[in-house]
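Colleague: If you read the sequence shown in the UniProt record's numbering, its first letter stands for residue 1, the second for the next number, and so on.
Hints in this document: simulated from the structure, not taken from any laboratory.
From a predicted model like this one, the values you see are computed outputs, not experimental measurements.
Please note that the accuracy of each hint is not assured.
Simulated restraints, written as ranges between beta carbons of each label pair [stated by the list, open to error]:
1. 411 / 441: 40 to 46 Å
2. 138 / 246: 23 to 29 Å
3. 367 / 446: 28 to 34 Å
4. 213 / 411: 57 to 63 Å
5. 138 / 451: 29 to 35 Å
6. 159 / 111: 39 to 45 Å
7. 397 / 96: 20 to 26 Å
8. 357 / 100: 48 to 54 Å
9. 161 / 402: 52 to 58 Å
10. 72 / 307: 34 to 40 Å
11. 208 / 400: 53 to 59 Å
12. 397 / 286: 27 to 33 Å
13. 400 / 238: 29 to 35 Å
Keeping only pairs whose Cα atoms sit at most 25 Å apart, straight-line, the calculated SDA-like set for lysine to any residue is [claimed, not checked]:
14. 438 / 449
15. 438 / 366
16. 242 / 340
17. 242 / 287
Yeah, the Cβ is synthetic: ideal placement off N, Cα and C, and Gly gets one too.
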Amino acid sequence: MDVLDLARMQFGVTTVYHFLFVPVTIGLSLLVAILQTLWRTTHKTAYLRATKFWGKLFLINIAMGVVTGIVQEFQFGMNWSAYSRFVGDVFGAPLAFEALVAFFLESTFIGVWIFGWDRLKPGLHLACIWLVAFGTLASAYFILAANAFMQNPVGYQLNETAGRAELTDFGAVLTNPVAMAAFPHTIFASWLTAGTIVVAVSGYHFMHRRDLDVHRPAMRLGILTTLVGGLGLVLSGDSLGKVMTATQPMKMAAAEALYQTTFNAPFSVLTIGSLDGSHGTPIIEIPGLLSFLATGSFNGEVQGINDLNAQYQGLYGPGDYAPYIPLTYWSFRAMIGFGMLAVAMAVIVWWFTRRGRLPEHRLFWPIAMWMAVTPFLANSAGWIFTEMGRQPWVVFSLYETSEAVSPRVGAPTVALSFIGFTLVYLVLAVVALRLFLKFAKAGPPSEENAIATSSPSDDPDKPMAFAY
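Produce the entire structure from the sequences given, and follow the hints as far as they go.
Modeller: Have a look at this one:
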């Protein structure tokens, strides 16, 4: 295995691992803000207890997200220095804004929110968590704008003498059509993820018949968030598909393993075969759906892999410009399928818990809790499809992945860092999961403790108790 394969594997593992925490942070920040707002407007202690409970789980997740996110930037200098030199002038601008504006906003006001329960005026303290929620959105947008440049390079000029891309229009980078389409899709995916987690954790306490006055409204909020996220994913995914077809037609063709340019192109739910264009056999196929996803018309033309490959060879020189088709084909379906499972479970839980009902079947809540895994699988599959569907380009049509790897870093060095990071991440995964499950099972604070830690006090350790 050469250095390029190892570097790609390491970046893939660390990126997918980091993105396990990102959607939870984005989604839970909003839900905690909503719960605290409900407490301030209704003065119901159940909402205060829910805010403290979910706030603690949110803090565990955001801490893990920060730790794992730092590694991402290390890799640009470690394994991808050629890429950093080539595109750093453009790629670094939105990342700098993310760190200086969005992350600064998040980290500042999350600290104020943690330690300001009995020190700030209620309205000001509530504003802090809403600013944190806004900061997570801003952070997501700047990062997606940086990634969008890799999918659809805009706002730059190529300096042939220096051998790099140089930023000419930061506004074009921020308003990249790919970023503007991917942002709502990512946010809706985050809401789906957070809502499913709320349903699963509340389901655990429903199963044990504990603190239902706190968990029933939280579950209702989680179900609503999951359904809104699911509907938003369908609508934003439709928009993103059309933008993807306009900017990266090869990726859309790879999503269906479509080798020949086709009108009224079908979408296959399941295909048996090698997916190499020779003898794939669709088992379940929906006529015209791929054309609709790509063009907005069931009779629209979708370019095939073979035709696009020939076109790209004429533009960029000899080579194979198709990604690894089995991975793009199945990751695209895994993204859709697992997302739909999460929405379906939310609907089922809503139906069986409506009007104060409590399901009695012993398998109902365990199944509902395990369904919390599905949005994580959908998110991971979505990112795998997004990044692998762009190959062999690291910046589409501009810079190939094989050119981007660090020229003076050998395979043994990358292998060592890959093993080291993976082992550290495994330890962090165990720690994060145990902490999350520990506090999730413990349930919300008692009414007395919740009120005590939210009232004025001269004891400086009380806010620290909440923080830990």
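Colleague: Run every hint past the structure and note whether it holds.
Modeller: Hint by hint, here is what the structure shows:
no., hint, in the structure
1, 411 / 441: 40 to 46 Å, "holds (44 Å)"
2, 138 / 246: 23 to 29 Å, "holds (26 Å)"
3, 367 / 446: 28 to 34 Å, "holds (30 Å)"
4, 213 / 411: 57 to 63 Å, "holds (58 Å)"
5, 138 / 451: 29 to 35 Å, "holds (33 Å)"
6, 159 / 111: 39 to 45 Å, "holds (42 Å)"
7, 397 / 96: 20 to 26 Å, "holds (25 Å)"
8, 357 / 100: 48 to 54 Å, "holds (50 Å)"
9, 161 / 402: 52 to 58 Å, "violated (23 Å)"
10, 72 / 307: 34 to 40 Å, "holds (36 Å)"
11, 208 / 400: 53 to 59 Å, "holds (55 Å)"
12, 397 / 286: 27 to 33 Å, "holds (31 Å)"
13, 400 / 238: 29 to 35 Å, "holds (30 Å)"
14, 438 / 449, "holds (18 Å)"
15, 438 / 366, "holds (17 Å)"
16, 242 / 340, "holds (21 Å)"
17, 242 / 287, "holds (18 Å)"
In this structure, only the earlier hint numbered 9 is contradicted, and the remaining ones agree with it.
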